[in-house]
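Enquirer: What follows is each chain in one-letter form.
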Amino acid sequence: MPQSLNYRKESPSQTAGPYVHIGLVPGAAGFSIFRQELGQDIAGPQAPGERIRVEGIVTDGTGAPVKDVLLEVWQSDAAGLYPYGKDPRDADCAPDFRGWGRVITDLETGLWTFDTIKPGSVMGRNGRAMAPPINLWIVARGINIGLNTRMCFEDEDNSTDPVLNLIEQVDRRQTLLARRVNPGHYRFDIRLQGIDETVFMDV
Amino acid sequence: MKPAEFYQHDRLWQPPVHTPDCKTSVPRSPRLAMLSLQGSLSELTGPTFGHNDINPINNVLIRNYAKSGDPVGERINFHGRVLDENGRGVPDTLVEIWQANAGGRYRHRKDTYLAPIDPNFGGRGRTLTDADGFYCFRSVKPGAYPWRNWVNNWRPAHIHVSVFGSAFCQRLIPQMYFEDDPLIHQCPIVHAIPDRRAIDQLIAPLDTNPAIPLDCLAYKFDIVLRGRRSTLFENRLEGN
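Protein sequence lines correspond, in order, to chains A and B.
When we follow the numbering used here, the leftmost residue of the first sequence carries the number 1, and every step to the right adds one.
When we follow the numbering used here, the leftmost residue of the second sequence carries the number 1, and every step to the right adds one.
Read the hints as simulated data drawn from the structure, not as lab findings.
Bear in mind the structure is a predicted one, so any value in this text is a computation, not a measurement.
Heads up, a few of these hints could be off.
Some, not all, of what chain A presents toward chain B, calculated at C-beta under 10 Å [what the hints assert, rightly or not]:
1. Met1
2. Arg53
3. Glu55
Straight-line Cα separation of at most 27 Å, DSSO-like style, residue types lysine-lysine; simulated pairs [what the hints assert, rightly or not]:
4. B:Lys141 / B:Lys67
5. B:Lys110 / B:Lys67
6. B:Lys110 / B:Lys141
7. B:Lys110 / A:Lys67
8. B:Lys141 / B:Lys220
9. B:Lys23 / A:Lys67
10. A:Lys9 / B:Lys67
11. B:Lys110 / B:Lys23
We treat Cβ as the ideally placed atom computed from N, Cα and C, and that holds for glycine.
Start from the sequences and build out the full structure, keeping to the hints where you can.
Expert: Here it is, written out as structure tokens:
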């Protein structure tokens, strides 16, 4: 027998289930418990940048809205910096900027919305700049392991984005582009399955 | 410390997205293959939380929603460490939990199971790990409950656990099960996990050492997040 590698294995994921709101957004479950809920402040009022609202619907393979989904958001500030304590450039990140948020769908309509600032271009691997991205992580009943995707903006130059250009089927790249419906207002629908299925990533 | 790269998910260890015995996964699972991505800063960084975000009582579920007394049920402490695959504790990371009450009923407007709500139990807690990755909660043991999958499906007693780690790509929601629960191996959600050893990793053993005599029992549950790859070799992540 060779030596053991002695690594541990990652804990296996399980679905967040239908009552994820209790743990992560209890107001939506119909009760309040803690003074302060987390995830409502992606970009505080002092954070510079263009204020935007993003909304959308997650649909399943039959086209029906998924009404019990929870999304988490992770993004950079307007200059493309993440508020990440271990990064030496953290000190340069915008003030009053958390970069992380948590939203759920309306339990009746399936619509979700979050208010933030538009992120800046982020430095990607090997010095190749990425078009401004918002990372999304999606959990719900029926989803065994959180689904990662990212949203880019249709009104930015996405032509050289190193992630979008990895998608072999060119027509699928548009599934990651948020549509500008009004100034400062974007629509990003996510299709879990079927026609125009959103590109999800194993990161 | 610069953002580091992480070991890949082992996709043969993790549940796949499409598991027909869990009926809801059938329309909610992507049909096309995921795009495999080498992590960028967007995935290798993540949010941080501090003691300003939570209150010390947030991890005491037998107190944090008590109105007129203690909740009904088997009093338990459960504790453990958040580790990475290298066995290092993950410090200062947010752990959030939610669960049903002792009768298997959730305090959620969509839960219509006939077992009653406990007026002194909310079913939600959160805490930060300490400098060595340790966390603990006080609660009552949740009950099993039925769900509409096959007609006679019952979830084993479980506690949902949500963990962050230091990077967004470590984000994870497992469920904790209790040692020797016969429902574990009848549950299609549990068996979405293909490997029996992986299932065992979600089963918390009874741990009498930290049980408080004449007060409560204890269970131990370690959570493992993806490991951080040290830069043995050149790391060109940031283009330098």
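Enquirer: Hints first: check each against the structure and report whether it holds.
Expert: Hints, one by one, checked against the model:
no. : hint                : verdict
1   : Met1                : violated (18 Å)
2   : Arg53               : violated (21 Å)
3   : Glu55               : violated (20 Å)
4   : B:Lys141 / B:Lys67  : holds (19 Å)
5   : B:Lys110 / B:Lys67  : holds (22 Å)
6   : B:Lys110 / B:Lys141 : holds (21 Å)
7   : B:Lys110 / A:Lys67  : holds (12 Å)
8   : B:Lys141 / B:Lys220 : holds (13 Å)
9   : B:Lys23 / A:Lys67   : holds (16 Å)
10  : A:Lys9 / B:Lys67    : violated (41 Å)
11  : B:Lys110 / B:Lys23  : holds (19 Å)
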